[in-house]
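Trainee: Could you put the whole structure together from the sequences, leaning on the hints where they help?
Chains as they are written, first to last, in the working numbering: chain A, 6 to 275; chain B, 5 to 275.
Hints listed in this document are in silico derivations from the structure and should not be mistaken for laboratory results. Here the structure is a predicted model, which is why all the values come from computation and not from measurement. Each residue gets a CB set at the ideal place from its N, CA and C atoms; glycine is no exception. Among these hints, one or two may not hold up.
[As the list claims (entries may be wrong)] Cβ-Cβ distance ranges computed for the label pairs, FRET-style:
| hint | chain 1 | residue 1 | chain 2 | residue 2 | range |
| --- | --- | --- | --- | --- | --- |
| 1 | B | 115 | A | 232 | 51 to 61 Å |
| 2 | A | 81 | B | 179 | 54 to 64 Å |
| 3 | B | 93 | A | 231 | 24 to 34 Å |
| 4 | A | 231 | B | 72 | 26 to 36 Å |
| 5 | A | 26 | B | 152 | 45 to 55 Å |
| 6 | A | 77 | B | 186 | 41 to 51 Å |
| 7 | A | 46 | B | 221 | 27 to 37 Å |
| 8 | A | 69 | B | 273 | 24 to 34 Å |
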Amino acid sequence: MVASGCGGTGRELSAYAGPEGLDGLDFVTRSITLDARSGARGPRVAEVPGGLVSAVGLPNPGLEHFLATELPWLVRAGVRVVVSIAGATMGEYADLAGRLGRAPGVVGLEVNVGAPDETSDGLYEVREPYHAASVVAAVRREFASDRPVLAKLRPDVSRVVEGARACHEAGATAVVVGNAVPAALPDGRPGGLSGPALAPIALRCVAAVSRALPAVPVIGCGGVHDVDSARAYLAAGATSVQVGTAMLHDPTTVARLRASLDQPPHQEDA
Amino acid sequence: MADAPARGPVHVDGEVVATKKVGGYRHLTLAAPGVPERFRPGTFVSVSVAGHVTRRALWVHKVRASSAFGPTLDVVVESRGSGTAWLSAQPVGTRVAVTGPLGRPFALPKQAVSCLLIGEGYAAAPLFPLAERLRERGCAVSLVVSAPDEARLLSALEARRSARSVTVLTADGSVGQRGQVADHAEDLVRRSGADVVYAAGPADVLRSAAVAAERTGAWSQVAVEVPTPCGTGLCHGCPLPVVGEDGVDRVVRACTEGPVVRGDRVRWDAL
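Mentor: Structure (structure tokens):
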């Protein structure tokens, strides 16, 4: 599964998808907001040992344009599209969920409740598990009930179990653990750290959630770049994994992992 | 399918087959099956560097359809950080993952018009294969190669093969005329009588070329260099502020919607 924000519009992946093409690929879009956003000023990404710090600012064409152009292309290509959504208010989340629920071809939603720099991105602030749960509940209410809603959580081991429990009780089908951790760009602007450095942190969080909440499907995310790093998450209790930053280093990563990991799609675990 | 020219990028396991220090730069010849065949001037390659997550975007200076190593491409590396320093130091035989050709190429005129190509530093690289393509189309090509000093002046001599005239500008006057592109751009565009101005180099060079073209009624195409973390369009990390065809301000990805865009479309103050 391609993690949010690391697969472009999805179309760019077709050059690196291998013989199978994009057909059947689980793909989480970059976060879509109600209105178009041009994103942060540059530089948006800084390389650090073991990963990168990014403050991209959620550039996206807005829901309208996404529904009119990007989504139909992805659906035609056979991509299983999970739309990541982000909103400034609860109402925006509900609106996004409702309209995406009526759009043909949306396999599921991923609610971005663990963004590393939500304040600077002007997003609804999720500090406490009940904030996250209320967003998930609003999305679940508006989104067609037979399709999964994933809650993407911050990999903060002191809070993640609580967050996962609250989101699951609020109707999340599965939780994605984790996300870029809050960090700063060299010039001090807030951003998120991702890449190999994140793997042991997210792995600890996945293990903690799986142990505490065996009934909640967990999707591991953070530093997955090869079969071994993916299997480490599966061994810790994850039902599947997302591949993010590794795609920037090698755009064929997901195609290679799909070919070598015999892994059921997350929806079957729901 | 078999007859259509192969389009789009490929990700391949490449190899350094030659390396040469030329002035302040390192020229690497890479065997990267599939990339030279798809190359069009203005597109670039993204190369993996040991120990780094992000990749290094490199301009393509030359492609050879055949050699002892099959089709190859030449890139020009300026050692500016640990990644480019690593690349510059690699001996023949080093394997490097190469993705390319990436981005949109220079648009070529349908008629045999007069073209002025303005480039500065290592980033002038894509103008050399462009000059050859333009000459093949019967265009009159004038070339301006600029650099801070002689060591960073790219291939002015080789350029004489495809260009009708070559002007050399260095900031310190070590070779050619002394000066910066910004001071001479309008004069150069007027004297060349160019219908199309192509530019590649730092933002100030591109901007002065685009402005000069605008003033003289020529079209301009500029190859913008923005740091590109992945080069493949996946990360959205290379913002390029432009004005769309519809007059709406947008921020596009330099690696995918660029690197070559119309000079009059770039919002230079926001870059």
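Trainee: For which of the previously enumerated hints does the structure constitute a violation, in increasing order of number?
Mentor: none
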